[in-house]
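Chain by chain, the residues:
2 protein chains.
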Amino acid sequence: MKAVASEEGISESEVLSEIASGRMVIPLNPAHDTVRAVGVGRAVRTKVNANLGRSPTNSGEADELDKLSCALKHGADFVMDLSVGGDISAIRRRMIDASPAPLGTVPVYETIALLDGDVPSMDPSFLIDVVRRQAEEGVDFMTLHAGLLSKHVDLALKRKMGIVSRGGSIMAEWMKKHGRENPLYERWDEVMDILAEHDVTVSLGDGLRPGCLADASDAAQFAELDVLGELVERCRKRGVQVMVEGPGHVPFDQIKANMEREQAVCAGAPFYVLGPVVTDIAPAYDHIVAAIGATAAATYGASLLCYVTPAEHLGLPDMEEVRQGLAAFRIAAHAGDVARGLKGARDIDDRMSDARVRFDWDAQFDCALDPDAARARWLRTRPAEEGACHDDDHCSMCGKAFCAVRTSKRIRRLMEESAAADGK
Amino acid sequence: MKAVASEEGISESEVLSEIASGRMVIPLNPAHDTVRAVGVGRAVRTKVNANLGRSPTNSGEADELDKLSCALKHGADFVMDLSVGGDISAIRRRMIDASPAPLGTVPVYETIALLDGDVPSMDPSFLIDVVRRQAEEGVDFMTLHAGLLSKHVDLALKRKMGIVSRGGSIMAEWMKKHGRENPLYERWDEVMDILAEHDVTVSLGDGLRPGCLADASDAAQFAELDVLGELVERCRKRGVQVMVEGPGHVPFDQIKANMEREQAVCAGAPFYVLGPVVTDIAPAYDHIVAAIGATAAATYGASLLCYVTPAEHLGLPDMEEVRQGLAAFRIAAHAGDVARGLKGARDIDDRMSDARVRFDWDAQFDCALDPDAARARWLRTRPAEEGACHDDDHCSMCGKAFCAVRTSKRIRRLMEESAAADGK
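Line by line, the protein sequences are chains S and X.
The first sequence finishes on residue 1886 if you use our numbering, and the numbering steps up by one all the way, no holes.
The second sequence finishes on residue 1886 if you use our numbering, and the numbering steps up by one all the way, no holes.
One chain only, chain S, in its complex shape (with noise of 0.2 Å):
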């Protein structure tokens, strides 16, 4: 608490008290030994997470470990493993070794990759078992789908686009094919317990999100909603720190209203989103289009932004799209809170506008989100008269004759000058 308190600039009297209500979680399992303290929710900056995680088809453990590297490089807050292939729980604990970021998975995934893919053959017992050995090993913080419901799924089926959550479709299948109710909401006592016991953070996964812009909003997105926030009654009961996931693809109008719905309907707990993607038709520039809706979920609720990369709805992203996933939603978290008005958020816009003024380029470029990718590219083009120095007093876009900057200030000195004269 102290950490998060020195992090933010607010007072742990603060940070006491947003725990306390639950509207701040701070994910942190003692056995992660690396891990420092970040906190979650709207009192704070809003945080950015990196799914990492290999697939089935593509990608490896040492590749995974460089996409960590590059994760952290550029920002991230919290990482996800979602492998869905190779030794998961190998990888895992490479990354949980290498993360200092608080690390988060969905238990599922791994449950499913060791039944070979067949998700009817799931013994809820191993489910729960595999809950428990993750958080042995010290995952911070884990996706657990435990609000959709047998009666949900018909709902689901009726839209455009299904259930496009892959833990959710696992629920929902076995619960279709055994005739039975979701076994984590069954046994959801017993999953706090381990919880509760490893000081693991649980985020309700939201199973029914919307996969497309038709099915935004619709009634089963917002029945499993209503049992997420009976589960984070019962979290917050139990002291097992809860916050919730959220969509999904949602059109840019819908987004203030489903962040005050979550709000509402969750007593305050933190809202986790991905994306929202704002229309279905731009794949890769999914991170753009995402970083979109992320900036309004942001403004208007969301306390933790899942980044959405190039690769989404192609393929596994690689090296390159962590990087760029990660500046288009640093840039959304950012937009955001200085949206919603958070203390001290604008102070570095003032700084950067301030080295503008000065044409001071290394101020700038300390001040940039990506400093390295803003000087390589003022370099690429700065203006060629002017020789290797830095203290260019224009750049390449207008030249000096046409900077509206230099410009400015001749003006000011004519107006000084004619002040002063005036004054004799």
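Think of the hints as simulated: they come from the structure by calculation, not from any bench.
Because the structure is a prediction, the values reported are computed rather than measured.
Cβ atoms here follow ideal geometry from the backbone N, Cα and C, with glycine treated the same way.
Hints may contain errors.
[Stated by the list, open to error] Taking lysine-lysine pairs in the DSBU-like style, the calculated list, with each CA pair at most 30 Å apart, reads:
| no. | chain 1 | residue 1 | chain 2 | residue 2 |
| --- | --- | --- | --- | --- |
| 1 | S | K1622 | X | K1805 |
| 2 | X | K1871 | S | K1613 |
| 3 | S | K1718 | X | K1805 |
| 4 | X | K1871 | S | K1862 |
| 5 | X | K1613 | S | K1862 |
| 6 | S | K1622 | X | K1620 |
| 7 | X | K1639 | X | K1613 |
| 8 | S | K1862 | X | K1862 |
| 9 | S | K1871 | X | K1639 |
[Stated by the list, open to error] Short derived list, chain X residues pointing at chain S, Cβ under 7 Å:
| no. | residue |
| --- | --- |
| 10 | A1465 |
| 11 | S1468 |
| 12 | S1551 |
| 13 | M1623 |
| 14 | V1626 |
| 15 | C1674 |
| 16 | S1679 |
| 17 | A1681 |
| 18 | A1685 |
| 19 | T1761 |
| 20 | M1814 |
| 21 | L1831 |
| 22 | P1833 |
| 23 | C1857 |
| 24 | M1859 |
| 25 | I1873 |
Go by the hints and put chain X onto chain S.
Chain X alone, transformed into the frame defined by chain S:
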């Protein structure tokens, strides 16, 4: 009007009534032989403009013609030649010949370039001569900074960033040097005569647009806007098509109010915004920063979005950056159209979602905003085990076993079988 009605899927009478009220403009100079009719206004699709043109220090005529081709290929509805260096007149004539998209300029740039950057030496009649010559040559729309008055300059210089509009800073310096009023404002009737004679649309420049978050929505910005409202009224009386330019750097939460204020002050004249940029700290990613603001702008009142490229604040964009800027802004325009409920806007999203459910990758790429980029990215990490066919029923992100869309289909079959069994 017929072309616009057909292109936009609305009736000719609606186009007529929107134009008559001034809520829509069709910038089209009869001297621009090859130009197509493109409507700008809230009744039709939100449009995107690409700024091109060389600076004194970078690029050349051939480069800018390549960028023009690139911009047209990637969906620019409008282009502006903002050259401030080289043989501006020659570049412009070649761009007009090569562009079916309506082309705009800022005549004071050529004026000052012809005076070797010496702003105080500008004779107002010379500026008006340049306006006339450009109109004769076929320029479809012109940015004229006629609303920035001498008294506004004092307000603007109190800001953190002063004046960041090139045209605005030129007019301000000239006024303060000579102790005179804005010559475009003083001789507006004469200017309108030229515009009317040649059917040129005026885009009223916002010389005092904020250049950083700290300066947004301030007295200087809104004082100029009031004068723009007065000029809109004069243009409509004179039969000159008019749109209004807007900010700039604006925090995300202030965009809605900015859009509504312009619509009110300027009696529904089409609003043409640059960005808005929602944080100052992300040079090298300003296309993303500005697409966030542009989506909100398009949702709440803008009709034409001027793209911002990753080179903004750092240099003149190259061809690849022109492509990236257009992709980001076509996303913003479309997401805004969906959000404001423009009739038919979401149809393409629904077609994309249907193609996703069918795993019809070719249909997905047909629906994609940038088919080539989406296809290339997909091919790069498509499931390795599937060979070279195009009917893969999953992608490399989840693989077969974890594909939620595949799982949804299995659930649907399970439930159909169960319903059939119950029916017996």
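Evaluated hints:
no. : hint               : in the structure
1   : S:K1622 to X:K1805 : holds (20 Å)
2   : X:K1871 to S:K1613 : holds (17 Å)
3   : S:K1718 to X:K1805 : holds (22 Å)
4   : X:K1871 to S:K1862 : violated (62 Å)
5   : X:K1613 to S:K1862 : holds (26 Å)
6   : S:K1622 to X:K1620 : violated (54 Å)
7   : X:K1639 to X:K1613 : holds (13 Å)
8   : S:K1862 to X:K1862 : violated (57 Å)
9   : S:K1871 to X:K1639 : holds (13 Å)
10  : A1465              : violated (24 Å)
11  : S1468              : violated (22 Å)
12  : S1551              : violated (17 Å)
13  : M1623              : holds (6 Å)
14  : V1626              : holds (5 Å)
15  : C1674              : holds (4 Å)
16  : S1679              : violated (13 Å)
17  : A1681              : violated (17 Å)
18  : A1685              : violated (17 Å)
19  : T1761              : holds (6 Å)
20  : M1814              : holds (5 Å)
21  : L1831              : holds (5 Å)
22  : P1833              : violated (9 Å)
23  : C1857              : holds (6 Å)
24  : M1859              : holds (5 Å)
25  : I1873              : holds (5 Å)
In terms of the numbered hints stated before, the structure departs from hints 4, 6, 8, 10, 11, 12, 16, 17, 18 and 22, listed from lowest to highest.
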